[in-house]
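**Q** What follows is the residue order along each chain.
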Amino acid sequence: MALTAPERRARNAATPLLILLIIGVAAPLVMVLIRAVTGHGDQPSALPELTDPTHLRTLGNTILLGVMVVAIATAMATPLAFLMSWTRLRHHRWIDVVVMLPFMTPPYVSALAWIDVTRFNGLGDQLLGDAGGDALRSIILSPFGMALVMASEVFTFLYLILRNYLDAVPASADEAASVSGASPWQRFRRIMVPLCTPAYSLGALIVFIRAAGEFGTPVTLGNQIGFPVLVSEIYRSVTINPLDFPTAAALSSVLLWLGCAVWVIQQWISRREQPFGGRARRRATVTLSRWAATAGWAWLSVVALVSVIIPYTGIFLGAMTLLRSQPISLENLTFDYFGLVLQSPSGQQALQNSAMLALVAATAATALAVGATLASARLKRHPVGRGTDLLAVGADTVPTIVMAIGLIFLWNSPWLPASPYNSPAMLVLGYTLVLLPMVVQNVKTSRSTIDDRYLEAATTSGATGAQSFLRVTLPLLMPGILAGWLLGLLLAFREVVISSLLRPGSYPLLSPWIMSQFDQGFRAEAMAMTVIGILGSTAVLVLVDTLRRRYFAKRG
Amino acid sequence: MPATLNESTSRLRIIGALTLTTALLLTACGSVEDTNGNGDNSGNNDDAGAAADAADSEIAWDAPEDLEGSVTLYAANPQGLNEELAEEFTEAAGVDVEIYGDTTGSITARLDAEWDNPQADVVYIASWGPAAAYAAEGRIADYTPEFSDEIHEDWIGDGFYGRDGSALALTVNTNATPSTPSDWEDLTDPEFENLVLMPDPRESGTARDLIAAMVSSWGEEETWELFDALFDNGMDVQGANGPALDAVTAGSYAVVLGGVDYSAYSAIDAGEALEVVFAESGTMVSPRPFFILEDAPNPENAEALVDFFLSQQGQATSAEHNMIPAQPEVPAQNVDYDDVNLLDYDLDALEADSEDILDEFVSRYLS
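Residue numbers (our numbering), protein chains in the order written: chain A, 1 to 556; chain B, 1 to 367.
There may be inaccurate statements among the hints.
To be verified - Sample of chain B residues lacking proximity to chain A, with all beta carbon distances greater than 12 Å (derived):
no., residue
1, 94
2, 133
3, 152
4, 203
5, 218
6, 232
7, 272
8, 278
9, 281
10, 336
11, 337
Said to hold, decoys possible - Partial list, computed: chain B residues near chain A (C-beta under 8 Å):
no., residue
12, 99
13, 117
14, 144
15, 242
16, 245
17, 247
18, 274
Stated by the list, open to error - What follows is a list of derived Cβ distance ranges for each label pair:
no., chain 1, residue 1, chain 2, residue 2, range
19, B, 136, A, 71, 42 to 50 Å
20, B, 280, A, 356, 49 to 57 Å
21, B, 297, A, 305, 30 to 38 Å
Just so you know, the hints here were simulated from the structure itself, not pulled from any lab data.
Don't be surprised by glycine CBs; every beta carbon is placed ideally from N, CA and C.
Chain A extracted, bound-state conformation:
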């Protein structure tokens, strides 16, 4: 393939990155897929069994659940992103914090909180009466309820990607249409929808893949209502006796193909990215009518109720209840558990370890993501660019437990002369891989708002590659970089699967600590630690957001 000189330079720079991604992402997945074909130990391959009706039903359930989660997350995120970007609501910074709260909650904890609120004789029954409680229960204990609980966690991805994108859409695009006499509906259909489709499809892709790979809700709520999906079946195969590794590997390969298929669809949808043109980068602002503003606030309240207020009521009640067998009353509530878990040495260590590793991993993932984004943007049709692009999101196409097991297979191989296995470095590696897709999506969204003509202008004006990167590309990528880094930090801090399977002995981490308390019946301690983790995350979020706003205010 004939490459121009800058493209050649990009290829040379990107090749080491591609190799890194092959070792990091592809190799562990291959280790798992090999076992799908060859079997594991004495057990034969389970690929021929994939056409079993039960497995087909599981696949159908997975797709159905993913589609429902995307639909609900879209309904939740799209209006909010618009309101928070283009209307005066954006001055209410706390809304951003509220939207981020569900993302900071470990998903299995919010699923447990929902189950607790809606259980027999639970808070739902007490507040709504038996009939109301029954109605709520029948909503939550259903595939739709699962999708609702899962969407409450993942809609944040879609929201952030859309909001950052809308922030970058220059006012002129919409105003030009308005001046030319387009009605609001026409402006929406002819301007907004085409402009936002690539960003939306990226967000939807990530939501779908997260929903297909997330295990917290399927193994709690899903198992309770008998709605098996691929992840819960994989989880069952590797954790419940008799262990059946080949089935887990075979089902993982299905999930991997599903992920790839969705990726291809997304690539096709976003094949025509719309650069905004170079002029009038003023932000768009729309003044809402009184009616529209009321509707906006009402929708915001509904989203907050479902994604924050109800689960957090369950979490706080859990963290503060002295005796679960006694009714809820002031005498039966206490703040003591917060102090208890903070004083426990292993709890303190868990918080410290998780915070430190999350910081390192989020930074590493961000650096990789910037590299991967630039490489794939420069080398759109070149195999190096395409490969980088696919591998960067590759980790998200399989559930984390499969990735974790692949990492053990690879890095615990006896033939390796040295390995990070059984050290905190292994956790950093694992987190980085898991965060990468999400960080890449954010950086890519920012990249798609950069008009290549800026870079051409820089080159024409005599800027070197480094200069145009530092003075043009990096500042324009900054919103995506910050958002991605922050999301990565918050996600790694509460990550469960990698933390649980790859941690070295006697090395406490936040989510395993919480899970272990649950498993041993210390519900209050578990919930109290969850609250502390969320408060810490919120503090970081507010701090970073303040810095971000200052940074952009300075730039004008």
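Starting from the known structure of chain A, fit chain B onto it as the hints suggest.
**A** This is chain B only, laid out in the frame that chain A set:
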């Protein structure tokens, strides 16, 4: 800008009101009582005193000398007990114990993934089945721990041994139950309609073993008759042991059918309104096995650790944490092994049959 000023004063007022409410709440609230001794809560337990007592007494374990380095233990819950055993062992033998504590599921998943290059020395899990499977595959080191001739005979497997165990009970929420049941059959009474919860045998190894033990003791027909009646009476099946106990403690149901007893005792010690009942017609005691891996990186330390597990000192520590000790000599805290009326079963045979029995159970009631 007056608007901003207004905004910030009203914000101040809100903060003031919140602080006041919080302060009021704080004074009105209850507090956690110190549930000394059994707070096997992985962090805030400081039982170094108790450990020192045991080490000084006549049941103290004599550690072999000249051991050094560390040993890696993969251990299922309760972690408080594992940490205390590790502490005592380190004190006696001078060997550090690295604990990877998690559920049996995570431990077996990790063991399987690490199989080419084992990292664990000693493994302790909550059910007999996986240990038997590992033994059959030749993955367990051949070592006879020092006190293994002093433990219950049927807790000796093929290279693996029960360190301690728990009885499967009827755990009753005394606030929610219409009456205290005394046998499985009582729960088929209409007064228990929709009030009984059983851990899901697909997720809980002990629930699965219990069904198999019933079949082995009474035969299939009688066992399915019992479960037919239970399910007709609205019994639910849900989650592993922990969530099932939680749902009963919270009052969503009144009785756990066949849950492990030890976690209920901890909850009772904390003041929960629970009662543990053993079925008159018999139940099973589920031993929790340990074993040394075939290619353990630190075999000598591993052997010392498992010797310690079965020593009187180690057994006494297990008993303190509400487990039934493997040595009959060591008294249990709540119920001695010999005082539990057992169904008629053979552990090894159970493992062989339980998969088919589970399939039958699932197809009858859960699909």
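**Q** Please go over all the hints and tell whether each is borne out by the structure.
**A** Verification of the hints:
1. 94: Per Cβ check, residue 94 of chain B is outside 12 Å of chain A; nearest 17 Å; holds.
2. 133: Non-interface label fails for residue 133 of chain B: nearest chain A Cβ at 7 Å, not farther than 12 Å.
3. 152: Consistent with the label, residue 152 of chain B stays out of reach of chain A, its closest Cβ about 22 Å off (over 12 Å).
4. 203: Given a closest Cβ separation of 6 Å, the condition is violated.
5. 218: holds (24 Å)
6. 232: holds (19 Å)
7. 272: violated (5 Å)
8. 278: Since the minimum Cβ distance to chain A is about 20 Å, residue 278 of chain B lies beyond 12 Å and the statement holds.
9. 281: Holds: least Cβ distance 27 Å, greater than 12 Å.
10. 336: Given a closest Cβ separation of 23 Å, the condition holds.
11. 337: holds (23 Å)
12. 99: Interface hint status for residue 99 of chain B: holds (5 Å vs cutoff 8 Å).
13. 117: OK, holds: residue 117 of chain B within 8 Å of chain A, min 4 Å.
14. 144: Constraint on residue 144 of chain B not satisfied, violated at 25 Å.
15. 242: At 5 Å from the nearest chain A Cβ, residue 242 of chain B passes the 8 Å test, so the hint holds.
16. 245: With a closest approach of 6 Å, the residue 245 of chain B hint holds.
17. 247: Result: holds, 7 Å to nearest chain A Cβ.
18. 274: holds (7 Å)
19. B:136 x A:71: 42 to 50 Å: holds (48 Å)
20. B:280 x A:356: 49 to 57 Å: holds (55 Å)
21. B:297 x A:305: 30 to 38 Å: violated (53 Å)
Of the numbered hints listed earlier, those contradicted by the structure are 2, 4, 7, 14, 21.
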